[in-house]
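Going down the list, the sequences are from chains A, B, C and D. Quick note: the first sequence uses the UniProt record's numbering, first residue 1, plus one each step. Quick note: the second sequence uses the UniProt record's numbering, first residue 1, plus one each step. Quick note: the third sequence uses the UniProt record's numbering, first residue 1, plus one each step. Quick note: the fourth sequence uses the UniProt record's numbering, first residue 1, plus one each step.
Since the hints were derived computationally from the structure, they do not count as laboratory data. Treat the hints with care, since some could be wrong.
For identical chains, the list gives no copy identity; a pair is met inside one copy or between any two copies.
Stated by the list, open to error - Once the Cα atoms are required to be at most 20 Å apart in a straight line, the calculated SDA-like pairs of lysine to any residue come out as:
| hint | residue 1 | residue 2 |
| --- | --- | --- |
| 1 | K98 | I35 |
| 2 | K149 | P224 |
| 3 | K85 | G50 |
| 4 | K51 | Y74 |
| 5 | K148 | R115 |
| 6 | K34 | K149 |
| 7 | K148 | S248 |
| 8 | K280 | R115 |
| 9 | K280 | K324 |
| 10 | K185 | N53 |
Number of protein chains: 4
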Amino acid sequence: MSSIWGNRIKISIFGESHSNAIGGVLDGLPAGIKIDFDEIMVDMDRRAPGKSNLSTTRKEGDIPEILSGYFNGYTTGTPLAFIIKNSNTKSSDYDELKNLMRPGHGDYSGNVRYRGYNDYRGGGHFSGRLTAPLVFMGSVAKQYIMQKKGIYIFSRVKSIGDIVDDQIDFGLINDSILLKNLRTKKLPTINEQKSLEMEEYILQMKKNGDSTGGVIECTCINVPTGLGSPFFESFESSLSHLIFSIPSVKGIEFGRGFDITKLSGSQANDEMSYDGNTVKNYTNNNGGITGGITNGMPIVFRVAIKPTPSIAIPQRTINIEQCKDEILSIKGRHDPCIVPRALPVVEACAALNIFDYLIQMEGINNAKSK
Amino acid sequence: MSSIWGNRIKISIFGESHSNAIGGVLDGLPAGIKIDFDEIMVDMDRRAPGKSNLSTTRKEGDIPEILSGYFNGYTTGTPLAFIIKNSNTKSSDYDELKNLMRPGHGDYSGNVRYRGYNDYRGGGHFSGRLTAPLVFMGSVAKQYIMQKKGIYIFSRVKSIGDIVDDQIDFGLINDSILLKNLRTKKLPTINEQKSLEMEEYILQMKKNGDSTGGVIECTCINVPTGLGSPFFESFESSLSHLIFSIPSVKGIEFGRGFDITKLSGSQANDEMSYDGNTVKNYTNNNGGITGGITNGMPIVFRVAIKPTPSIAIPQRTINIEQCKDEILSIKGRHDPCIVPRALPVVEACAALNIFDYLIQMEGINNAKSK
Amino acid sequence: MSSIWGNRIKISIFGESHSNAIGGVLDGLPAGIKIDFDEIMVDMDRRAPGKSNLSTTRKEGDIPEILSGYFNGYTTGTPLAFIIKNSNTKSSDYDELKNLMRPGHGDYSGNVRYRGYNDYRGGGHFSGRLTAPLVFMGSVAKQYIMQKKGIYIFSRVKSIGDIVDDQIDFGLINDSILLKNLRTKKLPTINEQKSLEMEEYILQMKKNGDSTGGVIECTCINVPTGLGSPFFESFESSLSHLIFSIPSVKGIEFGRGFDITKLSGSQANDEMSYDGNTVKNYTNNNGGITGGITNGMPIVFRVAIKPTPSIAIPQRTINIEQCKDEILSIKGRHDPCIVPRALPVVEACAALNIFDYLIQMEGINNAKSK
Amino acid sequence: MSSIWGNRIKISIFGESHSNAIGGVLDGLPAGIKIDFDEIMVDMDRRAPGKSNLSTTRKEGDIPEILSGYFNGYTTGTPLAFIIKNSNTKSSDYDELKNLMRPGHGDYSGNVRYRGYNDYRGGGHFSGRLTAPLVFMGSVAKQYIMQKKGIYIFSRVKSIGDIVDDQIDFGLINDSILLKNLRTKKLPTINEQKSLEMEEYILQMKKNGDSTGGVIECTCINVPTGLGSPFFESFESSLSHLIFSIPSVKGIEFGRGFDITKLSGSQANDEMSYDGNTVKNYTNNNGGITGGITNGMPIVFRVAIKPTPSIAIPQRTINIEQCKDEILSIKGRHDPCIVPRALPVVEACAALNIFDYLIQMEGINNAKSK
């Protein structure tokens, strides 16, 4: 199905850019999870447009309204449904786009898939706006896994265009990185100088009527050993499934990722030892997952986000009504780079994936938060 | 679940390296698919060990024995179940490994996940041998989508270690590449010189008691436009889910993949035009998928395969029975590089993914092959 | 999951009796289904309370508000989400019920299941009000299968208490029965005299502060042969799964049902013959399904609905806060008999089940309505 | 899918009556379940043909051969796959049946469903023989839930034709009934005289070349309160789904079932009280389930099994090859009554359903048996 993910918990999202509302349903939750809405709004705001000079000037409220599954401050265990009303939608911006297929977008493939019945306004169901429900649900998951297991998820901008942040040794994640409080930054990097360069580059692309992409790196620490299974329920399988649900993602890699192919086995293997009673790896080239199962090391993965396809620069495309070629220059307020706003979405996917496996292991009765 | 994938068709695999048999069940098939077993055996043999100087000298029969769902030369539409008997298993090779966790393998994470009850012999359920059922099922899918839609899937070794094959312009796949008949080669590349270099490198690693990894590139042509959906049923989501089921995969990317992040939007977007009645892209940076849906261009994706973790070189690891550190040198017959044998597995995943979406679009009644 | 059903289409419902809204998501739909909202409102009104002297005097608007998946008069193929706002809720009616477990309700089992976090007001998620989304989705399904295949679904009250409507020969469903237009009646029966007796009996029970139950019989004609599969995807399996989702259902039987056990095989078997090119059964003891698959005869099944558990007559029960026994007399406006309002819910389940199997056979591309 | 059931555990069955083997896969199991094969064989033998004068004289070995997922006496937590080889198959018995559709069987509906490609020998995938894997898997589940929670499942023949066993007061299940050790009897009833009458009746039908059906009643005691959820995951929904997978089932009812419709609410509601700290119902009209969730009372349900459709008495039917009507008298060794052999199958469904919900509540890590 297009809108359901998960094995123990089930998440479902719905909506179009210009429909009455977008929203989601989070099902299979334990009863009795306390939800901190201020925490949720921090993540919602990180994703929302109009919050910085790096994103579109469109402003969307993105205030989730809970419909069900929540009572007296706790989840009830029944489906947690919520909506985010759509407003500030300028449908007229999209009128001319009805028949002009925007390159790099799902306009043409979607038109064929839905036989012309899809809502074309603002990208319809394809809109990146649909990631707002993901962030909401991911934030609930984050709170649960933090309260219950002390699991902490953070992400940073690994690169924008050719500008690459410093390497972290993921065998040695430590407080100094956590203290950087990446979540509060506009373009969170380890090397703050890189952040400035990235900002400058994005603003330059914006000025050009062009756009850029980048790579996000996400890390999850304190994840229990033993989550996942070999084959179709590998930790990587379910997480990559979710990550490729984010519009504009073109790649994912775990640990050393593609670069691990350049190492020999003796370099790539993460050797092990006891550190007291705890098992540690000397390195973390596998990004915390071996055999499809978490191994106690930090989960590390990177996600490639392509340049925003909506650009002002004229492009060759097709008019599907008139069956002819045309030149298109996309108007409207668009993000020159979607990477910063995608950070909480990537974190949400990681949190939901961990949540789902925790429920598998512990059940919904034992899984209660305090 | 650990063993089931798919939305319309359902595939399931089972078995351990040293259990009585491994096997699979392919469910939700249309009735009336004609199966060519010679074709299946071509793919099975590509995956099987002991077929070249680049793989382990272990020989496994890998002869699938059909148990059900097949009658008088055609699928019946009921579950197609099959087994591959295990033989030539030297369990004694693994006796000392019971408590010694092999670095880079799922031994430790699996031991925790299955609380010590897992079958440790030969990697148990984690064994790469479990990809044999995948190849069988993928070969059935390949035959179906080829007969029905003329879809053709091929793969090549994009790189081994640092040795990289030439770039193909995927806007211009043509007969000359298809005629290279990549499927018959030991190390299929576009540039045959690179193949020789790769072979030499692998043999060197073997001699060192070490191993290497590489990147596989898979291409699917003639895939209909309109397969997939945005979000949780994106073509990339379900395919990456399946690909990460293959042991040793650490990354996947579509089209330009991670490199697309270095382009500007105006460079990355695939501009479109009419070529008669057909819609063509000038480039194929998106690898044939936009908005999670196939767009008519060739599907192109790359998969990172890590170096085989089983190596003779001594490594530091832990003995979980005695709770102490030890040095391990893995004996037995292991592949210095799993990449060539993984080619038909990657193709199988691509074929199964396309098959599943075709059934969604056309149903199992209309989906009949001739 | 508690809120998702279906293999090809997926339906999901959410909400509590006194939450902001209830609603549902219908996913996996073909694009391009035209929806007639007047038709939907006919079914919604049949289910809604306060429409006759036989139901509660509570009035609920039950106006579905579509959030997504619908554009310019047609389904878009993306998730069709909708809500029905809750209003006219007298929460105070339920205050004393927080700790008093109503006999026959899910109060106690639900309290344990959700560890005390469930929303107890008006039955919370257990409320029969949650069947309103089912009716909405079923009405969409009904329209589709009618337009596409001429499938017609109708139901009648087979019995109320001991009062039993006449038997229909389901080998001979004909226009005279269809012309009775059962859908417009308060208590649809074949024998109208029985309907009057049933009404009198229900009103008597209401006067007593008591309630009654009954049996609904549902018939589907023109269902194509070949829907369903043996075992876990039998037509009866998926339909009974859905039917038991309706609160107060305690039994389901197909064709002759429990009475078929009293026949000999030679009496029970439906003999067959050709009627021109069409295959007909002489009888329809199997209710249109053999081997889990529709056989071309009308689908006939009956559903047992227990007496409404909310009654004014004092009952012995427990106070879970004080851990003591108490006497409870339920106040508020309750249905003396839920059977008439359940008719469109049962029809909805039948329609959704047929819809799901049609999509399996024909796919979502071929499945387009005109 | 036709062959997969379950939310936490997944069960899958495959095979045809005359294929190489039938079998099943039980996935999502906790690791470390100890399996007693003698116990399994007791249930397998109860289901197997040829064990008494009441069943077919066909003898089938029904010896399950485990392929994977089991090591050193315990489940490993990976897919537990097993096969039962087919033998003693007289395919020639079925040759004339290829085109003659047996009334009451799935021959005709299956022929349409599978477009003529189905294996017609011995009923193919429709064969009751496919319930043998269900019994195997159910027996594993039974052992687990008994060891872990003391849950005990038993069933009896409630009726054969018009001969009805005595009523049990399910508010008062006690040792005297359990001590009757129903599992060891050919036709287990409470009133042993009824058993003799039933046997005589079945033998009379056999002599006539005819058959009979009956009703099975299944009871589960010590089931924890709180299993199930309202709506699509109600305990009744998932159990009825599974029960209707058993060939020849035409109805299911819980507690008082259809008869509850004849009671008033004040009679039907199960009043409650504290019995020390334990909550008890004065009656058990709801069969241990309210609001879709177990309430701590014994689970009680009845299943209607139709008369065996294979009878020697001549019947009118169709020849689908020649498109003409014919008379058919079915030869071969058939059961005059399938009810006794269906008892362990019904129990298996109950056990699997409880198992699945226990895993939901407790997870697979906490769910370990001793």
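Okay, the hints, checked on the actual structure:
In the homo-oligomer, the alpha carbons of K98 and I35 never lie at most 20 Å apart, since the shortest distance is 41 Å inside one protomer and 23 Å across protomers. In this homomeric assembly, K149 and P224 come within 20 Å of each other (Cα to Cα) only inside a single copy, at 8 Å, whereas the closest approach across copies is 27 Å. For a Cα distance limit of 20 Å, the shortest separation of K85 from G50 inside one copy, 17 Å, qualifies, whereas the shortest one across copies, 31 Å, does not. When the C-alpha separation of K51 and Y74 is checked against a cutoff of 20 Å, the pair qualifies neither within a copy, at 30 Å, nor between copies, at 36 Å.
Taking the shortest alpha-carbon separations for K148 and R115, only the inter-copy value of 17 Å comes in at or below 20 Å, while the best intra-copy value is 46 Å. For the identical chains of this complex, K34 and K149 are intra-copy neighbours only, at 15 Å inside a copy versus 30 Å across copies, given an alpha-carbon limit of 20 Å. In this assembly of identical chains, the alpha carbons of K148 and S248 never lie at most 20 Å apart, being 33 Å within a copy and 31 Å across copies at closest. In the homo-oligomer, the alpha carbons of K280 and R115 lie at most 20 Å apart only across protomers (18 Å), although the nearest pairing inside one protomer, at 53 Å, exceeds that limit.
Taking CA atoms no more than 20 Å apart as the test, K280 paired with K324 passes between copies only; the shortest distance there is 12 Å, against 61 Å inside one copy. With identical chains, the CA atoms of K185 and N53 are at most 20 Å apart within one copy only, with a shortest distance of 13 Å there and 53 Å across copies.
The structure does not agree with the numbered hints 1, 4 and 7 stated previously, though it agrees with the rest.
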